[in-house]
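Below, each chain spelled out in residue letters.
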Amino acid sequence: MNLLKSIWKNKAAYLFIMPHFALFLTFFLIPVGWGMYLSLFDYSVFSQEFIGFDNYKEIFSDNLFWKALGNTFLYTFGVVPLWLGKALLVTVLIYPFRKGIRTFFKAMFYLPHVSSTVIIAMIWLWVFNPNFGLLNFFMESVGLDPVVWLGNKATALPSLIMMQVIMGGGSTIVLLSAAMSSIPEYLFEAAEIEGASSWQIFRKITVPLLKPTILYSLVMGTIANFQTFSNIYIMTEGGPEFSTLTVAYLVYETAFKNYYLGLASAMSMIMFVILVALALIQFKWLSSNVEY
Amino acid sequence: MSRKSKVLLFVVLAMFFLVSLVGAKMTITWWINPWRIAPPGFPADQAAGSEDFPKWISEEFMKLHPDVEVKYVVVGNTEYSQKMAAAIATRTQPDLFKGPIWDSRWVEAGLLEPIDDYLTEEDWEDFYEIALDDFEVNGKHYVFPWSFGTNGMGTSMLLYTPDFEKAGVDWRKIVEEGWTMEEFLEICKKLTWDSDGDGKTDHYALSFGAKDIHNIMNFIYAYGAKLSNEDETQVHMNSPQAVEGLQFLIDLVDKYGVVPNGVEGMGVYDVIGNFHAHRTSMGFGGPYEIGRITRYYLSQKWEFSELFEPVIAPFPHVEGKDPVAYAATGGFIVFKQADKEKRDMVMEFARFLTNKENMALLESLSYLTSRKSVNAMLYEGDEYMKAQVDVFGDIMGDYGMEFFGSQSFPWSEMEKYFTASLEAAFSGTKTPQQALDYFNVEANKILEKRK
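The listed protein sequences derive, respectively, from chains G and C.
Taking our numbering, the leading residue of the first sequence gets 1, the next gets one more, and so forth.
Taking our numbering, the leading residue of the second sequence gets 1, the next gets one more, and so forth.
The following block holds chain G by itself, in its conformation from the complex (with noise of 0.2 Å):
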């Protein structure tokens, strides 16, 4: 009673919650909840069976899946730590630079995320290219053997992440820069005065002043890579010998290709527990109220 009552007291609040909230029901919650339940289902096209949790017994013994989890995490983790420190890098080497210039440089950096996904894996089908790609011309020229980059299960998946890092990023550079703009300049001119270094500066006031932002970063990075799919999709279809399969390319071929409704929603419920996880554990390990 006393919730309505104080929904009913705020109802101008709730109001203007309610068209986000319509939405966010609707296309987040609602589909998370029906893929609970589609995972206890022996779900496809062609029949829809309730099995309990057998979904998620094979998927637990399937080495498919395993492999996939492996190849993500090293995905995920080769990738965030690297495109982070690129981010970090690049906004505190543009920082000191005037407004334009650094407009400039950010808008560069933020190319890539605007462009689609799809050029961007294509442009780089090409330069991956055994005989006739970019990279490998590069190597001839300096007198190294070309490599199979996407074909060999040693250097695809590095090389799909050197790619990532290479042309992510972008995003992050905009926000760290808008945090670091924020940060008032005296602390800066207190240590210069104090006789601290360039490198003790960035340890011990840029960084843990951008901490908020590195942490938010660091989350959504995760997130999102951690469900990396077009490169994958159009690049290698998770080959060659299934070293750059992804848990995401998995649930996309056991639903789309093989039917597997119930089993693929499975496959992301597990893949969502495992985000949850991340995210807490990075929210544990980096939060910090920072105050300036």
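Don't read these hints as lab results, they were simulated from the structure.
Misleading hints may appear alongside valid ones.
Unchecked claim - Below, a list of computed lysine-lysine pairs in the DSSO-like style, where the Cα atoms sit at most 27 Å apart:
(1) G/K153 / C/K445
(2) G/K153 / C/K430
(3) G/K257 / C/K71
(4) C/K200 / C/K255
(5) C/K190 / C/K166
(6) G/K86 / G/K211
(7) G/K257 / C/K445
(8) G/K67 / G/K57
(9) C/K190 / C/K173
(10) C/K140 / C/K430
(11) G/K67 / C/K449
(12) C/K449 / C/K226
(13) G/K67 / C/K416
(14) G/K257 / C/K140
(15) C/K416 / G/K153
(16) C/K416 / C/K451
(17) C/K416 / G/K57
(18) C/K83 / G/K257
(19) C/K449 / G/K257
(20) C/K255 / G/K153
(21) C/K200 / G/K57
(22) C/K336 / C/K63
Every value quoted in this text rests on a predicted model; they were computed, and no experiment measured them.
Chain G is fixed; fit chain C onto it per the hints.
Coordinates of chain C only, in the frame set by chain G:
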């Protein structure tokens, strides 16, 4: 509002409702994957787009049936299966479709209409038997046959004749009499050279991609391999014949150097691109792939210096054995209709799509049709294409076989394991025997799960 006005408003609304009911058109929705067929009157110097044919034929049918509205949707090949799965799951599937997918389990789930009652005596006579049988489940047929053969991958090879002449190889003999694996290998050696004189090979006889399984499968079958036993209860793709076939292909790369390295990282479009750019003298495919050269040239998709005309030849064969060719057909499939009148009209539309006149439009895409009578009339004014189509038809007719099991065989689930085993074999992480053993184990697990 007065009582009189209310009554008047009610009468007007009721009349409007009745008129709208009377005037309501029956709607037929159909899906098709991109087929760049040029409709009649399309400019000859332009490449048709994927929308041109479905738009034209929908309008033509509506002219004949003004009470019907035909809506078409062009669905890309790569997203076709996911869109269809989503449509079936939400009961929003089209009335009929032509796509790169088909699953006999749809029949078992009661989703499709059999078409037997809608075929005339003449149709039964005119359609190739294999075209009808390809989609037969429990004695009933489920597709209005349309195209005959796919793009020709795994069916036939394409020879760039100037290279053959430069190497002193009689390509006409190959086209007419075929070639053994030994002859093929010797010719491959002659077609591999260093163009720019830097001491490194930069022109190869042909190329392969591990993800381009149709063409690789052809060689494996040519050595006598079989995918499974007769009743499809056991996969046998690790037989000595299969291993020998795969070893031959690996030798072409590693031992003889007539195929460029990197097979494990390449797909079918890399192979096509190599042939188009004359980096290889041989490509794969049938008349459709010849049409692709013309289309790419017209749309300037590739920087061709010339519009070349390759010839179609059979795949090589093992001495004492016949060559093999992948044979598959395609057509229009009708989803279950609750209303008989609608069902009849959808069937009528399917018949319209596959009548002789409209089926003949496949000629613009260099495809053979599923009607014998239409094929007999194709390419009459084009001596070159007529010759290629004749060779292709002979190859399909004489050596055509199904590569991936019957319609109920779960190849789509096995395919990724086969690709992985090819990647392993070509990259050298597994021997051909180990790679095919691995595929066999995984494929049999899938069969076991299906039981």
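Hints numbered earlier in the text: which of these fail when held up against the supplied structure? 10 and 21
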